[in-house]
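J.: Based on the sequences and whatever the hints tell you, model everything.
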Amino acid sequence: MDLAGFLIQCLNSLQYGLLLFLVASGLTLIFGIMGVINLAHGSFYMIGAYMAYALAPIVAATFGGGFVSTLLLGLVLAVVLGYLLEWAFFSFLYEREHLQQVLMTYGLILVFEELRSILVGDDVHGVAAPDWLSGTIPLGDVMTYPVYRLFISAVCLALAVAMYFVFSRTRLGMMIRAGSTNREMVQSLGVDIKFLYRVVFAAGVAIAVLAGMIAAPVSSIYPGMGNQVLIFCFVVVVIGGIGSIRGAMLAALLIGVVDTFGKVLFPEAAGVLVYVLMALVLLWKPDGLFRAGS
Amino acid sequence: MRTHRRFLIAAALSAVALAPTLAQAQAAPKLKVGLMLPYTGTYAALGNAIENGFKLYVEEKGGKLGGREIEYFKVDDESAPPKATDNVNKLVKRDDVDVLIGTVHSGVAMAMAKVAKDTGTLMIDPNAGADAVTGPMCAPNIFRSSFSNWQPGYAMGEVLAKRGVKTAVTITWNYSAGAESVNGFKEAFEKGGGKVLKDLTVPFPSQEFQALLTEIASIKPDAVYTFFAGAGAVKFVKDYAAAGLKKTVPLYGAGFLTDGTLDAQGDAADGLETTLHYADGLNTARDNAFRLAYAKAYKLQPDVYAVQGYDAAQMLNIGLTAVKGDTSKKAEFAAALRKAKIDSPRGTFALSKSHNPVQDMYLRKVVGHENKMVSIAVKGLADPGRGCKM
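Which chain is which? The protein sequence lines are A and B, in order.
Per my numbering, residue 1 is the first one in the first sequence, and the count goes up by one each step.
Per my numbering, residue 1 is the first one in the second sequence, and the count goes up by one each step.
Just so you know, the hints here were simulated from the structure itself, not pulled from any lab data.
By construction, the Cβ of each residue, glycine as well, lies at the ideal position given by its N, Cα and C atoms.
Keep in mind that the hints are not guaranteed to be accurate.
Claimed, not checked - In silico negatives: residues of chain B with every beta carbon more than 12 Å from chain A:
1) VAL58
2) GLU71
3) ARG291
Stated by the list, open to error - Covered stretches of chain A, as calculated for chain B (at least 3 residues, CB under 8 Å):
4) 206 to 220
5) 266 to 277
T.: What follows is the structure, given as structure tokens:
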């Protein structure tokens with residue numbers, strides 16, 4: 001591998017890592033900070049991708065189209081969905097065992113997949129990137145780099161900074177962190193923890209849906225797509241340390257590097273390298289890279 | 001009093017229960033057809049197309065094959081190899097089906113073939129291309145109405161070698177279907193004087209190709225041969241175009257790269273050339289009639305999977321007609337099929353000694369969201385059926 005090739009692969013690693021963070025960040029919020037094991041996280045990602053596909057024509061017909069307005073409409077719907085789900089299902093789960101959380105969220109996966117099948121069908125779909133982001137940048141003499149991938153990276157970085165700021169620097173973030181440590185105490189101090197959690201959960205769902213919508217133009221949209229990302233999301237959160245946004249970011253970037261260079265240098269082992277990485281990190285630091293509060 | 005009433009009820013019930021048995025005794029019992037196909041998951045659309053094609057032919061024959069009415073038993077195999085043996089046993093042991101039709105996923109089809117081979121149940125594979133089904137796993141009661149993974153690969157290798165392409169890189173998922181397709185390509189391409197510089201693989205079902213696209217750009221081959229299907233094909237074709245490689249290193253593939261995926265791939269697929277045993281715009285009377293009938297029945301355009309389902313029913317009919325509906329005469333059933341010319345919408349085909357179609361492979365080009373037939377890449381291509389002892 002020459003220097004130019006190496007640098008391009010580094011760019012690929014960085015970009016893939018950031019995409020992974022984007023997809024996993026909603027799970028960091030719900031699983032990492034609220035402590036609910038949410039297997040349906042992949043389904044929210046899938047719902048986002050299908051929204052990008054199905055909402056675009058509707059938005060085009062009513063508001064005259066636009067990538068950004070589709071994103072905004074999707075986000076509003078996602079917040080409503082998240083709020084309703086928390087009210088109807090998840091609010092009963094905080095005090096329960098992890099096994100019950102796994103069972104219920106697994107049930108939700110089945111429900112969402114079936115609804116998707118009824119509403120949109122089982123075909124594979126693709127979404128085009130908006131015109132103003134569909135350009136490419138030349139990279140070497142035979143290759144180009146799509147601008148849209150750089151846009152994704154920018155969104156990831158913005159989201160990461162925003163999440164980090166809200167959780168570690170604001171009063172709201174402080175209340176949420178306190179609530180995850182001791183719900184009753186925060187409640188007795190006069191904070192409406194129920195409402196607060198409902199909002200955080202809705203935000204987690206919205207971020208997952210946003211990730212799906214943003215990733216749609218560079219991925220294909222197909223039945224069961226959420227299950228593919230779910231495992232990587234858990235790997236990111238666990239390597240990073242449960243509850244740590246900084247850790248999730250670092251973990252996502254690490255996985256990006258290992259996966260990219262693994263495919264090039266050790267193609268035979270590429271499928272397991274990420275899990276080897278996870279095993280090594282957990283052997284070295286059983287709580288992940290940055291355990292919240294440590 | 002109470003016992004008397006009970007007796008009356010029992011008598012009435014047994015009369016009801018006996019009535020249909022008596023009626024059935026006069027006609028031949030229905031033929032039990034076990035459809036083991038994916039109805040959920042990534043391949044759900046393919047499973048439905050195969051079932052539609054199968055039922056279309058049965059309807060054309062007035063609901064009967066070989067003089068017997070059909071009763072369907074359906075199992076959703078979810079394209080999940082770990083559940084495959086249990087699923088096929090549901091059909092073979094619980095429902096006691098006369099014939100198995102399935103499936104899409106090669107790993108699941110291998111489990112089905114194993115059970116079919118062990119129990120002697122008739123099986124027709126309407127898609128899964130695993131070479132082994134008509135190779136080492138071949139059996140007198142196992143047939144295929146589709147293709148072997150080797151076939152489209154071999155055809156494309158021959159086309160590129162004839163064009164004078166010197167070097168190629170292959171890229172596929174690191175699983176058996178991909179490897180078999182690439183092997184077929186390599187065999188013909190290197191026989192024709194070409195050289196495969198590198199075989200790239202991605203873990204299945206990962207869809208992150210960027211690292212390997214960079215690798216292709218640094219090797220700079222004359223051509224890239226690929227095997228991807230479904231969602232992975234959509235992503236790969238879009239990524240390949242977005243990386244600017246489509247203009248500098250032409251992409252070729254087995255037909256699944258652009259089958260059932262063109263709407264999702266959009267402009268990125270324009271002009272791609274692939275090889276397969278079916279194409280749009282064949283414009284034969286047989287194909288046109290099939291397409292019209294399918295469109296009328298299902299309000300959908302048929303695809304290669306529908307053709308394979310349709311032909312599975314045709315093959316079953318040919319065998320059943322020869323044995324007059326008696327599925328226990330396996331040797332005669334197989335002998336009839338080995339002699340048969342199957343009048344498929346794709347063009348007439350026969351079966352090889354190992355029961356895989358000997359068929360024309362078409363070179364197709366993506367034009368206006370259709371896989372237009374360009375020419376016949378290889379005429380009457382037979383899978384070598386390596387490892388088949390029968």
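J.: Run every hint past the structure and note whether it holds.
T.: Hints and how they fare:
Non-interface call for B/VAL58 relative to chain A: holds, since the shortest CB-CB distance, roughly 23 Å, exceeds 12 Å. Chain A leaves B/GLU71 outside its interface by the beta-carbon criterion, the shortest separation being 26 Å against a cut-off of 12 Å. Listed as a non-interface residue, B/ARG291 keeps its Cβ farther than 12 Å from every Cβ of chain A; the least gap is roughly 19 Å. By the rule of at least three residues with a Cβ nearer than 8 Å to a Cβ of chain B, the coverage given for the segment 206 to 220 of chain A holds, with 3 such residues.
Residue count for the segment 266 to 277 of chain A with a Cβ under 8 Å from a Cβ of chain B: 4. That meets the three needed, and the coverage hint holds.
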